[in-house]
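Participant: Sequence:
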Amino acid sequence: MAFVHDYLTQFGGAERVLLELHRLYPEAPVYTSLYDPYAFDGRLAGIDVRTTYLQKIPGGVRHFRALLPLYPRAFESLDFREFELVISSTTSFAKGVFVGPRTLHISYVNTPTRFLWYPDEYAAELTPPIARPVLASITPWLRRWDVEAAQRPHVLVANSRNVAERIAAIYHRPSEVVHCPAEIEAFAPEAQVGDYYLVMTRLLPYKRVALAIEACAQLGERLIIVGSGPDERHLRTLAGPSVEFAGRVDDEQRRHLIARARAVIVPGVEDFGLVALEAAAAGRPTAAFAAGGSLETVVEGETGLFFSQPNAQALAQTLRALQAMAFDPTRLQAHARRFAPDVFRTRMTALIERSLHEFWRRNAT
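Residue 124 in the numbering used here sits at position 124 of the sequence shown, with consecutive numbering throughout.
Everything labelled a hint here was simulated from the structure, so no lab data went into it.
Among the hints, a few may not be true.
What the hints assert, rightly or not - What follows is a set of in silico ranges between Cβ atoms, one per label pair, in the way DEER data are often shown:
#, residue 1, residue 2, range
1, Arg81, Trp141, 26 to 36 Å
2, Thr349, Ser228, 13 to 23 Å
3, Leu238, Asp120, 32 to 42 Å
4, Thr349, Pro140, 33 to 43 Å
5, Pro58, Ala324, 56 to 66 Å
6, Arg81, Arg354, 34 to 44 Å
7, Ser242, Gly46, 51 to 61 Å
8, Glu165, Ile138, 43 to 53 Å
Ideal placement from N, C-alpha and C gives every residue a C-beta, glycine not left out.
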């Protein structure tokens with residue numbers, strides 16, 4: 001069997017899912033468009049990574065977003081005829097590979113292609129700004145390709161009910177939900193809780209980090225923001241002395257910051273909502289906007305509270321309510337364990353075996 005991933009140029013949630021999938025078949029090669037080994041700090045050591053011809057383009061790895069029009073053909077050029085099973089892990093192009101008539105293709109979809117279907121959210125990540133009108137000009141063609149590509153896998157798997165609804169709306173296909181894994185075993189409650197709230201996300205306008213800054217300012221509370229992105233300069237203009245921009249942090253710093261936070265704030269609409277589960281594993285509650293994947297990862301009154309209006313006043317009220325509540329770390333951790341990596345692997349193994357059995361049965365007739 002073989003895995004396919006969009007590009008291995010940065011390490012994030014989608015890449016964590018790929019690594020968990022690869023644990024099911026540790027000898028399997030991973031096909032991808034571009035690969036930057038320095039972005040993975042040894043995490044892919046020993047894995048057979050195979051790239052497309054795009055890897056040979058000078059500067060392609062660094063400027064991988066500039067190659068958007070080239071990805072469809074690159075993935076279609078890959079040859080999987082020797083494999084009985086192909087699993088693509090995708091947020092964009094990897095689902096579009098061709099396989100032979102005796103190869104089962106299962107696609108784990110983290111989200112429908114964001115820059116095509118949610119361009120207002122993604123545009124801020126495209127630099128320089130001249131790239132934005134170029135993207136707009138090719139979007140109709142890429143959307144047609146994307147919908148066609150989404151019909152190629154035999155089985156679609158969504159990382160949340162939220163994403164499953166998007167898949168149905170955009171690709172007009174059903175999908176089975178297998179929640180993506182949270183590395184909860186790395187987190188644990190700490191004896192001392194700090195005096196700060198925590199936001200941990202890419203700094204993009206649609207993440208609504210400004211709401212957290214404004215809400216904490218209204219309450220006179222300290223806020224630590226972990227992450228980087230194009231919106232950082234603007235957010236710094238909004239921030240007072242009680243706001244700290246921590247930038248990127250390593251895994252150990254991440255664990256300690258979450259475990260010592262008064263609460264984690266998720267102000268935007270998330271595909272899944274991984275940070276809320278990490279907070280629960282560390283015994284800390286979450287204040288989340290009541291939409292998207294957070295509705296699946298936060299339990300109202302048990303692991304956190306929601307705010308339903310996307311404004312600072314609503315978030316501030318929710319933070320006040322959190323301050324008056326006591327959360328049971330044991331119940332928080334029990335909730336997080338429902339999304340543990342071993343649960344993910346067990347569910348994916350069952351899905352793969354069931355899908356293979358059905359595929360072979362159909363091919364035998």
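Participant: State for each hint whether it applies.
Facilitator: Evaluation of the provided hints:
1. Taken as a hint, the range 26 to 36 Å holds for the pair Arg81 and Trp141, whose Cβ atoms sit roughly 28 Å apart.
2. Restraint check, Thr349 to Ser228: a C-beta distance of roughly 36 Å breaks the suggested window 13 to 23 Å.
3. Against the hinted window of 32 to 42 Å, the Cβ-Cβ separation of Leu238 and Asp120 comes to about 20 Å, which falls outside the hint.
4. Distance hint for Thr349 and Pro140: a CB-CB separation of about 39 Å, consistent with the stated range 33 to 43 Å.
5. Our hint of 56 to 66 Å for Pro58 and Ala324 holds, since their Cβ atoms are close to 58 Å apart.
6. Against the hinted window of 34 to 44 Å, the Cβ-Cβ separation of Arg81 and Arg354 comes to about 24 Å, which falls outside the hint.
7. Our hint of 51 to 61 Å for Ser242 and Gly46 is violated, since their Cβ atoms are close to 45 Å apart.
8. For the pair Glu165 and Ile138, the supplied restraint of 43 to 53 Å is violated, since their beta-carbon distance comes to about 27 Å.
Of the numbered hints given earlier, the model fails hints 2, 3, 6, 7 and 8; all others are met.
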